[in-house]
Amino acid sequence: MYETMLALTEHSVAPGSYVGSALPEALRISGVALLAIFFVMGLFGAMIALLSRVFPETVDESEGVGLEGSRHA
Amino acid sequence: MDQLLQGILSLTPGQVVMFAIGGLLIWLAISKEYEPTLLLPIGLSAILANIPNSAAIGVDGEPGILTTLFDVGIRTEVFPLLIFVAIGAMIDFGPLLQNPKMLLFGAAAQFGIFFTMCLAAAMHFTLKESASIGIIGAADGPTSIVVANRFAPHLLGPITVAAYSYMSLVPIIQPPVIRLLTTKAERRIRMDSSHFRPVSQRTRIIFPIAVSLVAGLLVPSAASLIGMLMFGNLLRESGVVDRLSKGAQNELANIVTLLLGISIGAVMTADEFLDQRTLLILGMGIIAFVFDTAGGVLFAKFLNLFLKHKINPMIGACGISAFPMSGRVVYKMGLAEDPQNHLLMQAISCNVGGQLGSVVAGGLILALVG
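Protein sequences appear in the order of chains A and B. For the first sequence, counting from 1, position 10 maps to 9 in numbering that gives the first Met the number 0; every step adds exactly one. For the second sequence, counting from 1, position 64 maps to 63 in numbering that gives the first Met the number 0; every step adds exactly one.
Pulled a few chain B residues facing chain A out of the computed Cβ check, cut under 10 Å:
no. : residue
1   : Leu103
2   : Phe124
3   : Arg201
4   : Gly352
If you're looking for bench data, these hints aren't it; they were derived computationally from the structure. Keep in mind it's a predicted model, so treat the numbers as computed, not measured. For glycine and all other residues, C-beta sits at the position ideal for the given N, C-alpha and C.
Given the sequences, and given the hints that come with them, work out the whole structure.
Right, here's the structure in full:
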């Protein structure tokens, strides 16, 4: 009996598991996710900038003979 | 005779309504050309799924073709992930690689996802259901399907219909929001294209590999979404598997789109679809698109407070994943305001950034909510 009640209680306090409980958790996750998206996209941007510096476009490549045998599909 | 009439006699009003909804989707696909590749098969499969005792759904406990396709392709997430391979092979990340700052708009324009997620939670949907509804704002069908299938498979039908319908309605949804949030002077801002520099083939090849690795390490739950997108792009950019790249762009895209569309009907039975919640989901889907657009535009206006060379804030609206509709909408709006204002490169690079942003958002939701 006690175990059943404990299980029910645990279930009811789990995030999003009962009606009306989801908003605070949704707000928290949204805040974290938005920051994370900016971080990840910023990281991708920095990565592109780095790649462009390490592998700059060369005259040969712009004429289509950069990487051996490669062509843009 | 009784057996012949059995189908008609056991027809419920709900099933008749679903026939009408299926017919409406087919009409929208054919007459209005709203995402016809998806809405046409979804429409017919919705009709097939609602025929009483339909063999398409299953007879005597044996699954029918729709349920089999659904189990094989959607429940396992194979179809949406294969669509990502096709999309990756179609995308030219070149404009984004030439102007990586535009990636930030791909982040800002995901705001609608989270606004809608909170709205759904406030309307007493559970957290997982709210996340699935919010992801409609990714403006990205496969991402919506993956997240909804994982968190709220019972809502997959309305979420998929909303995601694909609103994507085709981008030219109608975005312009009024953009006009509302910008002044005429802002819409006439011209942007310098001189910083668009050509990128090397090596950069194009390393980019999908590096993104797969970094995104996979940071958000492992997004590894399959981003990995498949980048795999398709690597096929395209490597230049050595032209046949595979073209196969992914054409044959794979066509076959999987066809199977994906027809499978969705399996969850569009009257019992599951005709619910007050479906109307709420359709309503919240449009809110997600509106707030995505607003998020991108307002972020551009915020950046303009600090920038010497101002950004046309309309560009921010292209940060949603609906490609190339969103980019085209903003390009046309720019030309309408000033015939000499060509924003195409900026709009497209931002739109490509939105494609990446939506997948990252989907992965983050899978990680944080799951």
